[in-house]
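**Q** Listed here are the chains, written in short residue letters.
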Amino acid sequence: MIYRTCDGMQRRDFLKAGAFGAGLGLSSYLRMASAGEVSPKAKAKAGIFVYLGGGPSHMDSFDLKPEAPSEFRGEFKPIETNVPGIQISEHLPKLAACQDKYAILRGVTHSVAAHQLGTEYVNTGSRPLASLEYPGYGSVFTKEREGSLPSDLPPFVAIPNSPQRPGFLGVKYSPLNTGATPRPGQPFAVRGVTLSGGLTVTEVEKRRGLLHKLDTAFAGYESDSQLLDGLDRFGQQAYSIITSKKAREAFDVSREAPSFAEPFGDDAFGMSCLLAIRLVEAGVGFVTLSLGGWDTHQDNFTKLRENLLPKLDVGLAALFVGLEQRGLLDSTSVFVTGEFGRTPKINSRSTEGGRDHYPRCMFMLMAGGGVRGGQVVGESDETASGPASEGFSPDDAAATFYRNLGVDFTKEYHTSSGRPITIVRDGTPIEQLTA
Amino acid sequence: MKSTSLFVVLATLFATPAIAGDVMPSVSFRYAGETAETPDFQKHVVPLLGRLGCNGRACHGSFKGQGGFRLSLFGYDFENDHEQITGDDYSRVYVEEPEFSMLLSKPTLDEPHGGGKRLEVDSWQYNVLHRWLKEGAKGKIDGPLKLTQLQISPSELIFNGEGEQVPLQAVAVWSDGTSEDVTALCRFQSNNPTVAEVDADGRITSGQPGDTHVVVFYDGGVVPVPVIRPVSEKVGPKYPAVATRTKIDELVVGKLKKLGIVPSEVCTDAEFLRRVSLDLAGTLPTAGEVTAFLNDSSPDKRARKVEELLETPAYAAWWTTRLCDWSGNNPDFANIEIGRDQVATDWYDWIEKRVTDNTPYDELVAGIVLSQSREEGESFQDFCRNMCGIYGDAGDAEFADRSSMPHYWARSNFRKAEDRAIGFAYTFLGIRIQCAQCHKHPFDQWTQDDFKNFEAFFTRVNYGVPRSSKDEYDAMVEELGDGKKGNQLRNQLGKMLRDGKPVPLREVFVLEPRNNDRNRKQKDDKKGYRSEPAVAGRVLGGATIDLNEYADPREPLVEWLRSPENPYFARAFVNRVWSSYFNVGIVNPPDDMSLANPPSNEPLLDYLSEGFIASGYDMKWLHREITASDAYQRAWQSNETNRRDESNFSRAVHRRLPAEVAYDAVAFATASESRIKEMLDDPSQRAIGVPGSGTRYRPRVGKTDASFALTVFGRSVRESNCDCDRSSEASLLQTVYLQNDGDVLKAVEAGKGTWIGDVRSSLGENESAKPAGKDDAGNSVQRTQQIRKRIAEIAGKAAELRRNGKGKEAKKLVAEVAELRRELAESERASRRKDRKEDPEESIDEAKRPADVSTNPAELVELAYLRTLSRLPSDGEIQDALAYVSSAESKHEGLRDLLWALLNTKEFVVNH
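Here the protein sequences line up with chains A and B, keeping their order. The numbering used here applies: residue 15 is where the first sequence begins, and numbers increase by one. The numbering used here applies: residue 31 is where the second sequence begins, and numbers increase by one.
Chain B with its partners taken away, still in its complex shape:
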C-alpha cells in the first residue's frame, strides 16, 4: 500500500529563504557574462574543480593522478593543487592566452580528454576558470582562508508527499567577515536517497516516508540538513498521548512525534527478563529465574532485576569482552616474553577488575592511555622482580592490580604514530580519522594537517628498553640468554620467568622531549616502528600544545578526553553502549561519528553524554538509565506506523545473539542445573570469559576449542579498528552449526552434565537399551584403540629420531605423546563408565539431582521452554510438544528432540 495516499498534502515548505543584503550573489550569476572580477583559488576555483568532478577518485584525485595531472582528493591541499595546475614543469596554463591552457582546452574537448567533456565554452564555469587564469592564476599566499560558517537554508525540511521539491541555498561566511552565496560550488549528498534525493545543484526531491539528512560540503564545511517525511498523519496535535516515563522516553517520543511514529507497547515480563539478561549480562536467564520473575508481583521488579544483574560476574565479563573488542585485545600482535595468551589474559583481567569495581570509565581509559610498564618509582630491577611475582608459578601478585595496562601500547601493529592515531581515534573517540591520513576527510572537517598534528601525541611512547636501563638489561641478557636472540631469547626468558626467575623485560616507557636545537627530520626512522618525537601537537579541533612541556605527551591528550567539552569521548562510549541495546547507535555506525553522519536524535545523545559525565563516568548509571526506559522495554510487535523503523527506537528490533552469548546460551539451555550454577559463578568457563581474539588465537571454553563456533557466529577479530570486526548477520554455517554440529548434538543428548541426562535419570529411563548410548560406548572404545595405536606410532618415530641424533625433533613428538596419553586417560575413563553394569554417572546424577527435575512430561516441556525461550509455552505448544514426546521411543529422547527444536527456533537465537 502506498502510504502517501493517506495524507493530506500540506505544502509547509520553507522555500527560498531571505538572505541578508550584504551576501555576494552566486558565481553563477557573477560570471554568466563579462566581468572584471577575479575569482579566488580557494573560494572558487578548487570547489569548482570539485563540482566538475576533476578531483574525484576516478579522475585527477586518484593517488596516481590521471594523465600526469594529480589534484588532491576532495581538494584541500591548496599548495599542491596550485602547483599541479600552474607549475612550470607542466605547462598546463598560459596566462597570456587562457583558452589554450590545458585547464580549459581539455575539459571543453578542444584537446582530447580521457575524462570527456566537462565544460561548455562561455559557461559561467568556463568564465570563472578563464578569469582566474587571465588574472595570473594566483594561489594562496598566506595559507588558506578560514571558513567560519556554512549557512544552509532551509535548515530543516519536512515533506508531506512524494516528489515535492525544495532547493537548498548555501552561504559561506569567511573569517574576514565577507559572505557569499556558494550553492553553485557545493557538493550535495543524501544519506538515504529513498527518503530524499538531492541533485548536483542542491535541489531536494522527497521520496518515501522516513527521515534522513542531506549533507552539504563546501571548503572545510560539512553541514547536514535534516529531512523528514512523516510516516503517518499522526503528527502534531494528532499524535496520540504516549506516556514518557523517563527523560530518554521524552526525547525519543519527541522525535517520533515529528515522524508520526507511534511506539509499540511495553514488552511482557518474560520478554524483558530475557532481553535484559542477554544484553546486560550476556546470559540466558535460568528456568528458575524466569519462574521467580514471573511470579514476583512487586512493581519495581524490573529495576531490581537490573540491579541484580549489574552485580553478577557475567555483567563484568560481558562488558569486559566489549571493551576488549573496542580496545583491540588481539594477542596475534603481542610478541612478548610472557607469551601471547598471557597478554590477552592480562588485558582482559585488568579491565574486568575495573568493570567489576565499577571504576569510572574515564579512569579506566586513563589507565590504558597513560600506561607505562613500570609503576612510578619502580626501578628496573624491581620491575623485573615484580613481574616475576606476577608470572612466576610461585608468585601470587596479579597483573590486574597494577595501576596501568601497558599491553595496549606494546602491540606490534601499534608502534607507528599514525597507526596509534587511527586506533586511538577509533577506540576512544569513535571516529574514523584514517581518511585524513592521505587526503581531506570527505565527511568531516579533518585535514591531513589535523591528522599530522594529532599523530604528534603518540610519538614519545615507546616499547623496548629505555636508555637508562640498557646496561642492566644487556647484562641480564648476557647472563641468562645463552647467546640466544629474537624469538628464541623471548621464549627462553618467558620460561625462566614462569619458573620464578627475574629476567630482563622490555617495557612501555615515555621518551624524553626532543631537544629543539637538534635539527632532526620529523620522519619515521628506517625501522618503521618509532617516529621522531614531535615537539607540538593539536588535539582534534583544539589548539596547538607544546609537548615539550610535558613529561608525557599523553597527559594533555587525556586532559582533553576528560574535559566536559570534549565532543567525542563520552559520546563514543554512550553511543556504543546504546547500540548494543538497540541494534543501532544514535550515531550509526557507532564508530563513525562525523559531521556528515549526524545522530538520529541529537538531544538524546546530548542528554546521555552529559548525564554520563555528570555521573562521574559511571558505567552502571548508563546501563540503568537505558534499561529503565520504556524505549528499551518496547515490544517487538510492530504497528502500522513503526514497522519500518529501525533507527528511532519505537520498537524492539530483532537482533541475533552475539557470538559468545549465543555459544553460552546453547550451553545454559542444555546444561544440568549444577553445571549452570558453575557457569554462573565462574564466567571463565564461558565464551564471554574468553580473553583474547585473533586469527591465530585459539579460544577455549572449558576444554573445548570454540574457534569454529565463535568464528561462524562472527566474534570480533579485533584487528581493523572497526566495530564491524564483530558481525551479527545470519549465515548458513550458523544454522548448520545449530542444527547438526557435533557439539550441539552432544549437548542435547543424555550425557554428563546435560539437562537431558538429568531428565533421563529422573525418569528412570535406562540408557543401556538405547542405541545412542551403545554408540557412545562403542565410540569411546574405538577412540581408545585409535589413541593407543597413535601413541605407539609416535613413540616409535621418536625413538628412531633419537637414534639418528635428532633429539630436538624427538622431544616434540614426546610432548605429543604426553598430550595423547592425557586424552587416552579421559577416553578410557569414558569407556570404563559405559562398561560398568551400574552406571556410576547415573548414581552421581541421582545424588546431585536437583529436587525440581520433574517426572511429569508437561512440566518437563515447560522447563524446556523456560530454559531456551525463557517463557512458558502456550497451550497449543504444550500439546504439540507432548504429542511428540509421547510418540518418541522414550520420553527423554522426545524431550531431547524438543530441546533441539527449541534451540533451532528463530526465537532462541534472536534477542527480541
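Looking at chain A on its own, in the form it has when it is part of the complex:
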C-alpha cells in the first residue's frame, strides 16, 4: 500500500520506509553524507539508558557550586574524583572513584517543566508534540538493528518498564517489560520469557510439537498474507527465546559470580544494573532501567543523602566498572538522565527545604560507545541557574547518543499519517564527548 506524506512524497508500507529509496531524495542524502552522518564509525553494539525519574538535583550531585550563596549551594560538599580537577558530590564516592569511565554533561537546558512531557523529551530526543508520539531511543535502535540482533533474545528489554514507547513506529518495537526487578542471588522470573508454573523445556518442546502438527489450516496459503508470514516468523522467534538457555541464563542474575555481583549491592537499582550487563553481554540490543524518586520538593537533602544518591552511587558505579571488566564498555553506549534539574534556590516548603522542577539547567551522564570518560563537557553559571554559555539541549544529547549507537539520527521516518519525521530534528552531536 502507498501512504502519502504530508509533504508530497509517498512511500510504500511505512515499516519498510526510512531507507533512502522510499522517501529521501538524493539531495538530502548528499547533504547528510557531507555532514558526516552517514556510516559513522560507531563503536557501540548495544545501548543502556538509565532514567532518573522525577528530575535529580544537579546541584547536589554532579554540578556542585561550593562558592554559591548558601540559599543556593545546599549542604553537600564536593569531593575529588579519580580525575584531577573534576569534583562531584560527597555522597557519590564510588562514582568519584571511577570518574575516568564516564563523562559529565553540565549546563544542559530546555524549557519543559512538567514530568510527563519532560520525560518524553529526554526519552525521545524530540520536544513532545500533541499530535504525534515520538519513538523512544530503544525502539529506534531496535528498528535500525532489525535482523542483526540475536533471534533467541528479546531485542529491547525494559527493567522493570520504561517511558520509552515505540510511538509511530508501531507495536513491533515495544520493549519487553520485565515487570519487576531481580533480587540478589535469586532466580528472576520475567514475564513471557521465564518458564513458570513448573514448566520445563521438555514440556514446552512437547507442546510445541503438538502445535506444529495442528497449525496447518492455512498451509499453502501463507504467501497470500504478510500477516501469516509474520505470525510464523514471530512464533518461531518466541519459541527460541522461551526455550533458549542463553535467554534464561541472561535474565537469571543468581548465576552471576558472587565476586562480580557483590559491588551491585542488594538494592533493586543495583540489581537492575547487573541484569543490564548480563543482557547486553548475551546480545540484547537495548536495555532501559530506572531509579525514581528524585522529585525532591521537600526534604531534598535527607532524601538524597539517605536514599537516592547512595543507591545511584552503588548501582551506576558498578555498572560502569562492570561493563569495563567484561570488556563491554567500548561497545555499549550508556546514557543517564532525568527529565530536568532542580531549582538552584532552595525552597522553604519543609523545614530543611527542597528544590522544585528546573529544566533550565540539568546534568546528564554518558559513557561507552566512544565517549571519552573522565571529562566534564559544558558548564553552568555560578549558581547553576543556566548554562554558562550556550548550553546543550536534550536534542543535542540525543544526537550524540544515536551517533554513538551508530544510528543515523538525520534519517527520516514517516508516520502513518504521512508526516516525515527526522529521528532527531534539532540536535547536533556534542563533538567534545567523543573527542
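Source of the hints: derived by calculation from the structure; they are not laboratory data. Accuracy of the hints is not assured; some may be wrong.
Stated by the list, open to error - FRET-style restraints, in silico, Cβ to Cβ: (1) A:Pro-272 x B:Glu-759: 42 to 52 Å; (2) B:Ser-185 x A:Ser-237: 32 to 42 Å; (3) A:Gly-307 x B:Ser-433: 39 to 49 Å; (4) A:Leu-143 x B:Ala-66: 50 to 60 Å; (5) A:Pro-272 x B:Gly-835: 33 to 43 Å; (6) A:Pro-272 x B:Phe-93: 57 to 67 Å; (7) B:Glu-759 x A:Arg-363: 41 to 51 Å; (8) A:Leu-143 x B:Gly-571: 25 to 35 Å; (9) B:Gly-835 x A:Gly-307: 16 to 26 Å; (10) B:Asp-140 x A:Leu-131: 43 to 53 Å; (11) B:Glu-408 x A:Gly-307: 26 to 36 Å.
These figures come from a predicted structure and were not determined experimentally. Note that CB positions come from ideal geometry on N, CA and C, so glycine has one too.
Following the hints, complete the assembly by docking chain B onto the known chain A.
**A** Relative to the frame of chain A, chain B by itself:
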C-alpha cells in the same frame, strides 16, 4: 510465473485525445522561441517553479527556506511567493535585465546554487520566467483566479501488458472561460508504481497487473485517473457467471469484472459464525453456539445470527469501543474534578447507551458536537446539584442519560481552535486537514485559508466558568476550597462531590458572539487555550457563514454534517465500518479521504453512504447490509485470479484479532461455562468493556491489569487523530505473550473458573498428586509470607514517619498497607483452599458443572476445537490430539496442552 505472458495484448488505449479548438496550446510550445506573450504568475510561474522543484520541502518550500529564499510549500500562497521573489528587500529580480535576476542566474548555475542546475538557458522554462520578469514580474492583484476544472484525458486507462505507454494531457479551465493545455506544468504521481509508473511529463507506463490511480496536480486541482491492468484474461464476455445476491455484490463484482478477478466461494457456516461474531460483537462464539449453528438447517440462519448478535450487549460494547477510538476517549487529557477514570467511563457509557438503543448516528454525533455541560435551562446551582446526583455515592442518576457528552470538548489537548479543527475533521469527516494548517494540502484542495475558515466554528466553545456564574462559582470555591488551588482544589472538590456534596464545577459552554466594533485581533491569546471568537466561518468546500447569527456556531456545522449533500460525514463512518469488516476501507487508509486517495470502488461507497443516510443513519442497517453480502461471506481460500487482491473484496483477508477481542478470545476459550456466561451478560468484565485508553490509563479487566497485553496487541492509544493509533500488525511480544505469559498459562491450567478445571473435575483426576497443583499451593503460601513481611515493614516505616511528624507521608503508607491486607486476605484464602483435604473448589465446580462437560476424550478434543477455532476438528486432527492426550500424564493435562496449542495456532489469533 509471469502472468502477462498469458494475455493477448490488445492495445485498446485511448491515446492522444482530441481537445476542443479554443484550448490554448501548452507553454512548452508557446515559449519555445521568441514570443510577445506575458506569462501569468498563478497560471504559469508558480506551477513551473513547482515542476522545477523549487518549492519542494528539501528546497525553498522548507519552512526555514533555503539560502534566505522561502516559497510556500506546494505554492498556493501567491502573495508570499510574489513578495519573496520580487520584494525590494531581496534583490532577487532585475526587471530591466532579467538574466541577471537570481531567479534565472541561480538555477542556470550562472551563480552558485545549492540546489544545482535546474534550468537550461533558452529552454521554454527559462523563457517563461524571462518573459515574466521582463514584463514587470507582476503578481496577483485581485486574489487568485479560480480554476473551475482540470480535464485529464484519457480519463481512465486499461492496459493489457507490461511496458505499454500512454501520455496524459491536462487542460485547465478557468472561471473566465479560458482554457489551456497545462500538461507541462502539472505534477504527476502514481498511487502504486508497481502497477503504473508516471514520469514528470505525465507519461504512464504499465507495470504489474492490478489497479491504481495516477494523480494529476495543478493549481488547486487534484484529479485521479484510474489505471487498470486486468489480472487475468477473464474480462468482459469471458468473465464467468458470478451470482450477485445483493446490491453490494453487484457493485463489488462490477469492479472485479474489469480486473478479471473471480471471487472466492462463500465460506462455510463455521467460518461465517466465527467471523461475524468477532467482527460484529468482538466475541468468540461459544462451543454450544457453534454446534447449534452447524446443526441448524434453516436457510436464513446467517441472517438470523446477525440479528441475534446485534441484540447482544457485546455488540454495543465493541462498537462503543470503536467510537471511543475515533472520538478520542483518552483520560490522560481529562484533568477534571470528577477524576480521569470517571471521564473515560462517562464517555464510554454515554455512547454505549446510544449504540444499545440504536440511536441514529447523526443524532449521536450531534449529542457530542453540540454538547454543553448544562442542560437547557439548568441553572448553575441545579447543575452542580445534578452532578452530585450522578457522582455522589448516594446519587442514582446516570451521566449517560444527559442529553449531551461535553467531555469531548473539555480535553486539555482539545482547547485550541486549530486542534479542534484537526480532531473534528479526523473524527467526523475522516479527512486529514492538518497539512493545510501550514501549507496547501498536497493531496487535496484545501488551502490555509480553508483551514482558518474551518477553525472559526470552534472558537466559541469554552471549558471553564462562564462569566454569568463566576460569582456563584467563586463563592462556592471560597466556602469549600480551604484556600486550595489547582489540582489540590480539584481533588478536594472531587472527593466532596463523591461524598454527596454539591461543589462548584467548571463546564463546557458557548461564548456570546463577538461584538464586531471592538476591533480585537483574531489571534490566540497568551494562554494558548482559547481563541478569539470568530465572526465568520466556512465549512469545507462551502459558503461563508455569519457566525454571529448563531447562539452556538457549532449549529451550522452540525447542519452541514447532516445535510445529505455532505461529502464526508456519512462516508467517513460507512467507510470505517467497512474497513473493520474487510481489513481495508473502500477509501484506504480510512481516515484519509482526499482527492488524491480516491475510493477503490466509488459506486459502492456511494451506495452505502446514500443507503445509510436514507435509513436515517441507522447503524444496524449498515451492519446488516454489509454482513448479508456474499462479499463479506467469501472464503479466505484464494484462486489464481484473486491471490494478490487485498483491496477489491474478492476474498476474505486474514486479519489479526484487535487487541481487546484477542484478549477476550483467550478468556472465552479457556473459561468455564459459568464464567463464559458471566462475560456474555456483562461486557464490563471484558476488554471490550474497558472505557478509556491512554498511556497513563490502566485498563482493568476484572481485577487484572490488562495494560501489558492490550499494549502488546496494539490497542488504540487514542491520542494522535489517526486510525493508526490502533495496530493490527503481528509482533514478537504478541507471540511471546500467547506462548508463555503467566496470564495465558494460568488460563489454560486447571484452576478456578477455567475450563480445564471443569474438565479435571469431571474426569475425576485428583489434583493433589500433580506437581503443578503443589506448586500453586506452595506459591500462595510463599506469597502470603511475603505479603506479611512487607506489611510489617511498611507499618514500621509509617510509625516512624508519624513519630517524626510526617503524618501525610505516613498516610500514604497506611493506604498501601490496606491494599496489601486485601491481597493478603485473597492469598490466604487461596492457600487455605489448597490446604483443605477435601477441595471445596472441586465440589463447587461439581455442583456448577454443566451437564455437557464430557468425560469422553474424543468429545473433549472436539470441545477444545469448538472453543478456540469455532469448528469441529478433522479426523486427522482428532487422532493427533488424542494420541497426545493419551500419552500425557493425565488427561486433563493433555487437554491443557492441546488448549495451549490451539491458542497458539495462527487460526486462533486470526479472523479469517
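**Q** Within 16 to 26 Å: is that where the Cβ-Cβ distance between Gly-835 (chain B) and Gly-307 (chain A) falls?
**A** For Gly-835 (chain B) and Gly-307 (chain A) the Cβ distance comes to about 21 Å; the hint holds.
**Q** So does Pro-272 (chain A) sit 33 to 43 Å from Gly-835 (chain B), Cβ to Cβ?
**A** Since the Cβ atoms of Pro-272 (chain A) and Gly-835 (chain B) sit about 42 Å apart, the hinted range of 33 to 43 Å holds.
**Q** Just tell me: holds or violated, for the beta carbon distance of Leu-143 (chain A) and Gly-571 (chain B) against 25 to 35 Å?
**A** 28 Å, holds
**Q** Do Glu-408 (chain B) and Gly-307 (chain A) keep their Cβ atoms within the hinted range of 26 to 36 Å?
**A** 46 Å, violated
**Q** Range hint 41 to 51 Å: satisfied by the CB atoms of Glu-759 (chain B) and Arg-363 (chain A)?
**A** 48 Å, holds
**Q** Taking the Cβ atom of Leu-143 (chain A) and the Cβ atom of Ala-66 (chain B), is their distance within the range 50 to 60 Å?
**A** About 52 Å separates the Cβ atoms of Leu-143 (chain A) and Ala-66 (chain B), which means 50 to 60 Å holds.
**Q** Starting from the range 57 to 67 Å, see whether the pair Pro-272 (chain A) and Phe-93 (chain B) falls in it by beta-carbon distance.
**A** 58 Å, holds
**Q** Against the range 32 to 42 Å, how does the distance between the Cβ atoms of Ser-185 (chain B) and Ser-237 (chain A) compare: consistent or not?
**A** 35 Å, holds
**Q** Cβ-Cβ distance between Gly-307 (chain A) and Ser-433 (chain B): within 39 to 49 Å?
**A** 46 Å, holds
**Q** Is 43 to 53 Å right for how far apart the beta carbons of Asp-140 (chain B) and Leu-131 (chain A) are?
**A** Hint holds: Cβ distance 49 Å, inside 43 to 53 Å.
**Q** Within 42 to 52 Å: is that where the Cβ-Cβ distance between Pro-272 (chain A) and Glu-759 (chain B) falls?
**A** 44 Å, holds
Hint compliance for this structure: hint 11 alone is broken.
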